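Asks: With the hints as constraints, model all of the structure from the sequences given.
Chains as they are written, first to last, in full-length UniProt numbering: chain A, 1 to 250; chain B, 1 to 250.
If you are wondering where the hints come from, they were derived from the structure by calculation, not from laboratory data.
Accuracy of the hints is not assured; some may be wrong.
Pairs count within a copy or across copies, as identical chains cannot be separated in the list.
[Unchecked claim] Once the Cα atoms are required to be at most 20 Å apart in a straight line, the calculated EDC-like pairs of lysine to aspartate or glutamate come out as:
| no. | residue 1 | residue 2 |
| --- | --- | --- |
| 1 | LYS149 | ASP82 |
| 2 | LYS111 | GLU209 |
| 3 | LYS111 | ASP202 |
| 4 | LYS149 | GLU209 |
No experiment lies behind these values; they were computed from the predicted model shown.
2 protein chains.
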Amino acid sequence: MTASREEFEARLRQIGADRYHDKHPFHHMLHGGECTPAQVRAWVINRFYYQASIPMKDAAFMSRVEDPALRREWRSRIEDHDGHGENEGGIERWLRLADAVGLDRSYVASKQGVLPATKFAVDAYVRFVREKPLLEAVAASLTELFAPKIHADRIKGLLANYDFANDRSMSYFQRRLNEAPKDVAFGLKYVLDNADTQEKQDACAAALEFKTDVLWSQLDALYSAYVAPGRIPPGGWQPGTYELDLRATA
Amino acid sequence: MTASREEFEARLRQIGADRYHDKHPFHHMLHGGECTPAQVRAWVINRFYYQASIPMKDAAFMSRVEDPALRREWRSRIEDHDGHGENEGGIERWLRLADAVGLDRSYVASKQGVLPATKFAVDAYVRFVREKPLLEAVAASLTELFAPKIHADRIKGLLANYDFANDRSMSYFQRRLNEAPKDVAFGLKYVLDNADTQEKQDACAAALEFKTDVLWSQLDALYSAYVAPGRIPPGGWQPGTYELDLRATA
Numbered sequence: 001m002t003a004s005r006e007e008f009e010a011r012l013r014q015i016g017a018d019r020y021h022d023k024h025p026f027h028h029m030l031h032g033g034e035c036t037p038a039q040v041r042a043w044v045i046n047r048f049y050y051q052a053s054i055p056m057k058d059a060a061f062m063s064r065v066e067d068p069a070l071r072r073e074w075r076s077r078i079e080d081h082d083g084h085g086e087n088e089g090g091i092e093r094w095l096r097l098a099d100a101v102g103l104d105r106s107y108v109a110s111k112q113g114v115l116p117a118t119k120f121a122v123d124a125y126v127r128f129v130r131e132k133p134l135l136e137a138v139a140a141s142l143t144e145l146f147a148p149k150i151h152a153d154r155i156k157g158l159l160a161n162y163d164f165a166n167d168r169s170m171s172y173f174q175r176r177l178n179e180a181p182k183d184v185a186f187g188l189k190y191v192l193d194n195a196d197t198q199e200k201q202d203a204c205a206a207a208l209e210f211k212t213d214v215l216w217s218q219l220d221a222l223y224s225a226y227v228a229p230g231r232i233p234p235g236g237w238q239p240g241t242y243e244l245d246l247r248a249t250a
Numbered sequence: 001m002t003a004s005r006e007e008f009e010a011r012l013r014q015i016g017a018d019r020y021h022d023k024h025p026f027h028h029m030l031h032g033g034e035c036t037p038a039q040v041r042a043w044v045i046n047r048f049y050y051q052a053s054i055p056m057k058d059a060a061f062m063s064r065v066e067d068p069a070l071r072r073e074w075r076s077r078i079e080d081h082d083g084h085g086e087n088e089g090g091i092e093r094w095l096r097l098a099d100a101v102g103l104d105r106s107y108v109a110s111k112q113g114v115l116p117a118t119k120f121a122v123d124a125y126v127r128f129v130r131e132k133p134l135l136e137a138v139a140a141s142l143t144e145l146f147a148p149k150i151h152a153d154r155i156k157g158l159l160a161n162y163d164f165a166n167d168r169s170m171s172y173f174q175r176r177l178n179e180a181p182k183d184v185a186f187g188l189k190y191v192l193d194n195a196d197t198q199e200k201q202d203a204c205a206a207a208l209e210f211k212t213d214v215l216w217s218q219l220d221a222l223y224s225a226y227v228a229p230g231r232i233p234p235g236g237w238q239p240g241t242y243e244l245d246l247r248a249t250a
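Replies: Right under this line is the structure:
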C-alpha cells in the first residue's frame with residue numbers, strides 16, 4: 001500500500017536522521033575545533049572535488065529532462081555553483097576558503113591529491129544522476145533537506161575555533177543557507193508529487209540512502225587518511241605540500 | 001620520446017612495486033593470521049562484490065570489441081569466473097570460501113552489507129572499462145602482473161594461520177595461480193604492442209594506477225570499518241549477523 005504524502009516525507013526525513021554525515025566524527029572534530037590545520041586542508045581539498053562535480057551532475061540531469069520548465073528550474077543550481085552575473089558562484093567561494101586555510105588554490109582547483117575514495121564516491125553520484133530515472137535523481141538531491149543545519153553549525157563552529165574563519169572565507173556556507181532551501185523545497189515537492197506508488201517511494205528512499213552513502217564515504221576516507229589510522233593512500237595529498245604560509249590557520 | 005618496450009614494461013611494473021595492495025596493512029594482517037574471524041568475514045563479504053563484478057567488467061569490454069579474435073581471447077576470463085563445463089567458476093569458489101569462514105552464503109551472494117566505498121570503487125572500475133579506450137581498459141587489467149605473488153602468499157598465510165583454510169576453501173586462489181598468468185601474458189603483450197606513442201604509454205600507466213587505487217581503496221574501507229577506527233558505516237555488515245556456527249574459523 002502506498003504511504004500517504006506525510007508518511008512518505010517522514011520516511012525520507014528519517015533517512016537523514018539515521019544516516020546523514022552530520023553524525024560522522026570528522027564533522028564533530030571540524031566543528032568543534034579539533035581538526036589540525038592539515039586535517040582542515042585535507043577536507044577543503046577533497047570536498048572541492050564534490051563541489052566541482054555538482055554542476056556536472058546537474059547538467060547530466062538537465063540533459064535528460066524534456067520539460068523546459070523543469071530544466072529552467074534546475075538551471076539555477078548550476079548558476080549557484082558556476083556563477084552568474086554578479087554572483088561569483090560556489091566553486092569560486094570554495095577556492096576562497098582554500099586561500100584562507102593556506103592552500104595553493106591552483107593545486108586545489110587541479111583536483112590532484114584528492115583521495116581515490118572521494119573520487120569513486122562522487123563519480124558514483126554523477127553517474128547515478130546520469131543513468132537513473134529522473135525521479136530518483138531528484139530524490140538523491142534531497143540530502144539538502146538536512147544541509148541547512150550542518151551549514152549553520154559549521155559557520156558557528158569554524159568561526160569560534162579557527163582564525164581563518166571570517167565572513168569572507170565562510171561565504172560559501174553563508175550563501176548555501178539561502179540557496180539550499182529554495183532548491184530543496186522544489187525537489188521535495190517534485191518527489192512527493194511524483195512518487196505515487198509504493199515502488200517509486202521505495203526507489204526514492206533507496207536513492208536518498210545512496211546519497212547519504214556518498215557523503216558518509218567521503219568523510220570515512222578523510223578520517224582514514226588523515227585522522228586514524230592516518231594512512232594516506234598512494235597519490236593522496238601529503239601535508240606540508242602545496243601550502244602557503246600558515247598565517248591563516250589556527 | 002616514446003619509451004622502448006622494455007622501459008615501458010619496467011614503468012608498468014614499477015607501478016605495482018609502488019602501489020599494489022599487497023603493501024596494505026590489511027593484507028599483512030590477513031596473511032599473518034592477525035585478522036579476527038569477523039575481519040576475515042568482512043573481507044570475504046566485500047571482496048565478493050569485486051569478484052562478482054569482474055565478469056560484468058569483462059562483458060562490458062567485449063561489448064566494445066569489434067575483432068572476434070580478441071573477443072574470443074577475452075571470453076575465457078568470463079568463463080573463469082562464471083564457470084564453464086566442469087569448471088564451477090571463481091564466483092562459486094569464492095562462495096565456498098564464504099561457507100568455510102562461517103558465513104551464510106546466500107547473504108554474501110546478495111551483496112547486502114557490502115561497504116558503500118567498496119561498491120563505489122568497484123563500480124568505478126566497471127565504468128572505466130565501459131567508457132575508456134580499449135587499450136586503457138586492457139592496461140587496467142594488468143594488476144594481474146602482481147597477483148600471483150599475492151595469491152601464493154595468501155594461500156600460504158591462510159593455511160598456516162586459520163582452521164578454515166584447506167584445499168577446498170582455498171581453491172579460488174589456487175585456481176587463479178593458473179589462470180592469471182595466461183590472461184596477463186596476453187594483456188601485457190597487447191599493451192606493449194599497442195601503446196606505440198608516449199601519449200598512449202602515459203594513458204596506460206594512468207589506467208594501471210587507477211586500478212591500483214580501486215584495489216587499495218577497498219582495503220582502506222575494510223580497515224576503516226573493521227580494524228581502526230572500526231567505524232562501520234550505515235548499512236555495512238555487522239559482525240554477529242548472517243554467521244553460521246564458528247567451527248570453521250580459528
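Asks: Now tell me if each hint is right for this structure.
Replies: Hints, one by one, checked against the model:
no. : hint            : in the structure
1   : LYS149 - ASP82  : neither (24 Å within a copy, 48 Å between copies)
2   : LYS111 - GLU209 : between (26 Å within a copy, 16 Å between copies)
3   : LYS111 - ASP202 : between (35 Å within a copy, 18 Å between copies)
4   : LYS149 - GLU209 : within (19 Å within a copy, 39 Å between copies)
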